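Undergrad: Please build the complete structure, drawing on both the sequences and the hints.
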Amino acid sequence: MARTGALYLLCYNSLQSLGWALALARVLSSYFSTKSVNGAYAFAGDLICFLQTISFVEVVHAAAGLVPSGVMLALMQWGGRTHFLLAILRQIPEVQGLPSVFITFMSWSMTEVIRYPHYALSCIGISLSWLTYLRALALARVLSSYFSTKSVNGAYAFAGDLICFLQTISFVEVVHAAAGLVPSGVMLALMQWGGRTHFLLAILRQIPEVQGLPSVFITFMSWSMTEVIRYPHYALSCIGISLSWLTYLRYTAFIILYPIGIAPGEMWLMYQALPFIKERNLYADFFDRLSISYYHFVLTVLICYPVLWLKLYLHLFKQRRSKLGKHQTKKKV
Numbered sequence: 157m158a159r160t161g162a163l164y165l166l167c168y169n170s171l172q173s174l175g176w177a178l179a180l181a182r183v184l185s186s187y188f189s190t191k192s193v194n195g196a197y198a199f200a201g202d203l204i205c206f207l208q209t210i211s212f213v214e215v216v217h218a219a220a221g222l223v224p225s226g227v228m229l230a231l232m233q234w235g236g237r238t239h240f241l242l243a244i245l246r247q248i249p250e251v252q253g254l255p256s257v258f259i260t261f262m263s264w265s266m267t268e269v270i271r272y273p274h275y276a277l278s279c280i281g282i283s284l285s286w287l288t289y290l291r292a293l294a295l296a297r298v299l300s301s302y303f304s305t306k307s308v309n310g311a312y313a314f315a316g317d318l319i320c321f322l323q324t325i326s327f328v329e330v331v332h333a334a335a336g337l338v339p340s341g342v343m344l345a346l347m348q349w350g351g352r353t354h355f356l357l358a359i360l361r362q363i364p365e366v367q368g369l370p371s372v373f374i375t376f377m378s379w380s381m382t383e384v385i386r387y388p389h390y391a392l393s394c395i396g397i398s399l400s401w402l403t404y405l406r407y408t409a410f411i412i413l414y415p416i417g418i419a420p421g422e423m424w425l426m427y428q429a430l431p432f433i434k435e436r437n438l439y440a441d442f443f444d445r446l447s448i449s450y451y452h453f454v455l456t457v458l459i460c461y462p463v464l465w466l467k468l469y470l471h472l473f474k475q476r477r478s479k480l481g482k483h484q485t486k487k488k489v
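Numbering (my numbering), first residue to last: 157 to 489.
Watch out, some of these pointers could steer you wrong.
Subject to a maximum C-alpha distance of 25 Å in a straight line, what follows is the list of computed SDA-like cross-link-like pairs (lysine to any residue) [stated by the list, open to error]: (1) 467 <-> 363; (2) 434 <-> 424; (3) 479 <-> 401; (4) 479 <-> 434; (5) 474 <-> 358; (6) 306 <-> 390; (7) 467 <-> 434; (8) 474 <-> 362; (9) 434 <-> 358; (10) 434 <-> 361; (11) 479 <-> 469; (12) 474 <-> 394; (13) 191 <-> 306; (14) 479 <-> 396; (15) 474 <-> 349; (16) 474 <-> 361; (17) 467 <-> 384; (18) 474 <-> 405; (19) 474 <-> 250; (20) 191 <-> 279; (21) 474 <-> 333; (22) 474 <-> 402; (23) 306 <-> 400.
Treat the hints as calculated values from the structure; they're not laboratory data.
Nothing here was measured: the structure is a model prediction, and the numbers come from that model.
TA: Pasting the structure below:
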C-alpha cells in the first residue's frame with residue numbers, strides 16, 4: 157500500500173474509532189441516566205446515522221483496491237445497516253424507543269470500537285496482543301481456583317465472568333473472517349463462536365446449580381490452554397515472527413484438548429443441565445413461537461454435537477498437515 161493511502165486509512169479509521177467510542181458512551185449514558193433501555197435513539201441516533209452514512213467510503217476503499225475486502229460484501233454490509241437506520245428507524249418514531257434499538261446500537265458500537273482501532277493500527281504495522289494476556293489471566297484464574305480450594309468446583313466463581321466476557325467479544329473474529337482480514341471461513345468462525353457462547357451464556361450462566369460441576373473446570377482449562385497458545389501464535393504472525401515450537405503447539409495441542417473440552421466438558425455439562433432446563437421451561441417465550449421447547453432444542457444440539465465436532469476436528473487435522481508440512485519444508489530448505 158502506498159504511503160499516502162496508508163496515511164489516509166489511518167486518519168479515516170482513527171476518526172471512526174473516536175466517533176463510535178462517543179456513540180458507545182452516549183448509548184451507555186442513555187441507560188445510566190434514565191435507568192431504561194428506551195432512550196438509546198434519543199441519545200445516540202443522530203451520531204450513529206451520521207457514522208453509518210459516511211462509512212459508504214469503505215465501499216469505495218474496496219472498489220479502489222485500498223483494502224482487500226470484496227466490493228459486494230462491503231456494499232451489502234453498508235446497505236443493510238443504512239436501510240435499517242435511515243429508511244425504517246429514522247422514519248418511524250414509534251419504534252425508536254424500543255429495547256431492540258438499544259441492543260442494536262450496543263452491538264454495533266462495541267464491534268466498531270474494536271474493529272476501527274484494529275484497522276488503524278494495522279496501517280502502521282502495529283498489532284496489539286492484549287487479548288492474549290486476558291486469555292492467560294483466565295487460565296491463571298482457573299488454576300488459582302483449584303490451588304486455593306483444592307477442588308475443581310470453583311472454576312466458574314473464579315473465572316466465569318472473565319471467560320464470558322472474552323468469549324462474547326470474540327464475535328469480532330467472525331467479522332474478521334467476513335471482512336477478509338483472516339483466511340478463515342465465515343460459517344466455521346460463526347459455528348465455533350455460537351457453540352461456545354450458547355454453552356456459556358444460555359446454559360452455564362443461567363443455571364447456578366451446574367456452575368460448580370467438574371465439567372466447568374474441565375471446559376475452562378481446555379479452552380484457556382488452547383487460547384494461550386492460539387492468540388500468541390496469531391499475534392506474532394502479524395509481525396512476521398514464526399516460532400517453531402509455538403507453531404507445533406498451535407497445531408498439535410488440539411488433538412488432546414479439543415476432545416477433553418467437548419465430551420467430559422461441554423456435552424456432559426449440557427446433559428446434566430437438562431433437568432433444570434425442563435423444570436424451569438427456560439426461554440419459553442421465544443421457543444413457543446418455534447413449536448419446540450428449549451429442552452428439546454438442547455437435546456437436538458447434543459445429538460448433533462458429535463457430528464459437527466468430528467467435522468471440525470478433521471478440519472483441524474487437515475490444517476495441521478498443511479501448516480506443519482510447510483514448516484518442515486522451510487526448515488529443510
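Undergrad: Would you mind marking each hint as holding or not holding in the structure?
TA: Comparing the hints with the structure gives:
no., hint, result
1, 467 <-> 363, "violated, 29 Å"
2, 434 <-> 424, "holds, 16 Å"
3, 479 <-> 401, "holds, 13 Å"
4, 479 <-> 434, "violated, 45 Å"
5, 474 <-> 358, "violated, 31 Å"
6, 306 <-> 390, "violated, 34 Å"
7, 467 <-> 434, "violated, 30 Å"
8, 474 <-> 362, "violated, 36 Å"
9, 434 <-> 358, "holds, 14 Å"
10, 434 <-> 361, "holds, 16 Å"
11, 479 <-> 469, "holds, 15 Å"
12, 474 <-> 394, "holds, 22 Å"
13, 191 <-> 306, "violated, 42 Å"
14, 479 <-> 396, "holds, 15 Å"
15, 474 <-> 349, "holds, 20 Å"
16, 474 <-> 361, "violated, 34 Å"
17, 467 <-> 384, "holds, 24 Å"
18, 474 <-> 405, "holds, 15 Å"
19, 474 <-> 250, "violated, 52 Å"
20, 191 <-> 279, "violated, 40 Å"
21, 474 <-> 333, "holds, 19 Å"
22, 474 <-> 402, "holds, 18 Å"
23, 306 <-> 400, "violated, 35 Å"
The structure fails to meet hints 1, 4, 5, 6, 7, 8, 13, 16, 19, 20, 23 from the earlier list, while all remaining hints are met.
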